[in-house]
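Going down the list, the sequences are from chains A and B.
Heads up: the first sequence runs through residues 1 to 194, numbered per the numbering used here.
Heads up: the second sequence runs through residues 1 to 194, numbered per the numbering used here.
Some hints here could point you the wrong way.
Note that the list lumps identical chains together, so a pair holds whenever it fits in one copy or between two copies.
[What the hints assert, rightly or not] Cross-link-like lysine to any residue pairs, in silico, SDA-like; alpha carbons within 25 Å at most:
#1 K58 - T125
#2 K58 - L148
#3 K145 - E117
#4 K18 - E28
#5 K145 - D168
#6 K58 - R85
#7 K145 - A162
#8 K100 - T43
#9 K187 - A74
#10 K95 - D65
#11 K58 - P121
#12 K18 - I78
#13 K145 - S57
#14 K100 - R71
#15 K145 - P188
#16 K58 - E117
#17 K100 - T2
#18 K58 - L15
#19 K187 - G103
Hints in this document: simulated from the structure, not taken from any laboratory.
Number of protein chains: 2
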Amino acid sequence: MTPSTIRPQSGTAFLLKKGQLLTVIDPEGQQVSDLVAFNAEDTAEWLSSGRTLDYASKFLLTTGDILYSNRSNAMLAIERDDVGRHDFLLAPCSKEMFAKLYGHAEPHRGCFGNLAEALEPYGITPDAIPTAFNVFMNVQVDGQKGTLSVEPPLSKAGDSTAFVAQMDLVVGLTACSAGLSNNFRFKPIHYRVE
Amino acid sequence: MTPSTIRPQSGTAFLLKKGQLLTVIDPEGQQVSDLVAFNAEDTAEWLSSGRTLDYASKFLLTTGDILYSNRSNAMLAIERDDVGRHDFLLAPCSKEMFAKLYGHAEPHRGCFGNLAEALEPYGITPDAIPTAFNVFMNVQVDGQKGTLSVEPPLSKAGDSTAFVAQMDLVVGLTACSAGLSNNFRFKPIHYRVE
C-alpha cells in the first residue's frame, strides 16, 4: 500500500479506528514526526505524557509500550519500532518557541500551528494540544545534571514505528519544522493506516 | 504570617495575583505537593510541562527558572528554593494510578481527584488538569537506560520553595497521596501567599 505523504513543515489529522495499525515512516532519515491523539468519541480525552511516563516508569518508549490518555485509558500500543528513540517530554515546536529558542524574527508556526489547523475540523482547539509523542525525536537526557539536549534523530531512511489504536482516535501528525530536531534539513514524513 | 495548612491527602485551590509570592512549605519533611496553575482571566491557558522543559532545556528546575503556560507565557518564577529537586514529568496520582501501579482494590482519588474538586468552582474540568509541577517530588532519571524511579523527597522539615506569579492565576495545590512519593507517611503541606 502506498503511504501518504506529509510535506516538509506541515501536518495532517485523520481518524484511526480501534485495532487499525498506523505506521509512521521516515523516508529520508533524521526527520521527526509529532503525534497527538484524542478519543474520537470524546475529544476531551487526550494523549498524556505524564500518565504514560508514570505507568511505564521510563521516558524511552518502544515496542510493547502503551501510550495512555489523561483518563488512564490505553490509546496506542507500539507494535514495532525500527528506531527505539523517541521523545515524550517536549511540546511541539511553535511560533513562540522559534522566537524564544532560535531567535527567529518571523517564526514558522511549527508543528503546533500545523496541528492546530489540522485538528480544527475535529473541534479540537489549539489550547487542547498536549505534549506530543515526538516520533524519532532524539532528546538526550543527563539524569545527573538534569539537562535535555536535542540531537539528530537516530532514524535512517525507511525506518518506521508502528502503533495499534486501542480506541477510536483522532490523530494529529506532522513532519517537524524544528531545525535542531531534524539536523537542519526539512524532510517529509510518510504514514500508512491499515 | 501563619501559613495555611493542606491536610494529608487533600488539596485546595486559590487565586494568586500577578506579583504575589506563593511559598510551599514541607512542615515535616519528605512530603510532595502537586501544583497546577491556570490563567485566572482565561482558564484555557494552563501550566505546561512540555513548554517549560523545552524553554529550560532541562528537567530539574530551581531558583531562577520560569514555569511556562501552553501558550508560552511565563506563569510562575521560582524565587527561592531550599530543596532543588522537584518533578515535572509525572501526572498527579489518581484512582486509576493507585489501581494500576499500587494494586489498590479501593484506591484513593489521589492528587488528581483532590485537584479536580478544588478547581471545579473555578470552572476547570478534570480533563483540563495537566501534568503538575510536583514540588519536592524526587524522581530519579537514568538518562542512559531511560528509567524513572520515585524516591523519597530530599525536603527536610521546614524546607520551602517560593514562586512569584507572572500573571493572575488560579493555583491548585495538594498534600500528595502517593506513598512512593512521600516515603509512605502521609503528611500535610503548608503554604503562604503574600
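Hint numbers contradicted by this structure: 1, 3, 4, 5, 9, 11, 15, 16, 17 and 18
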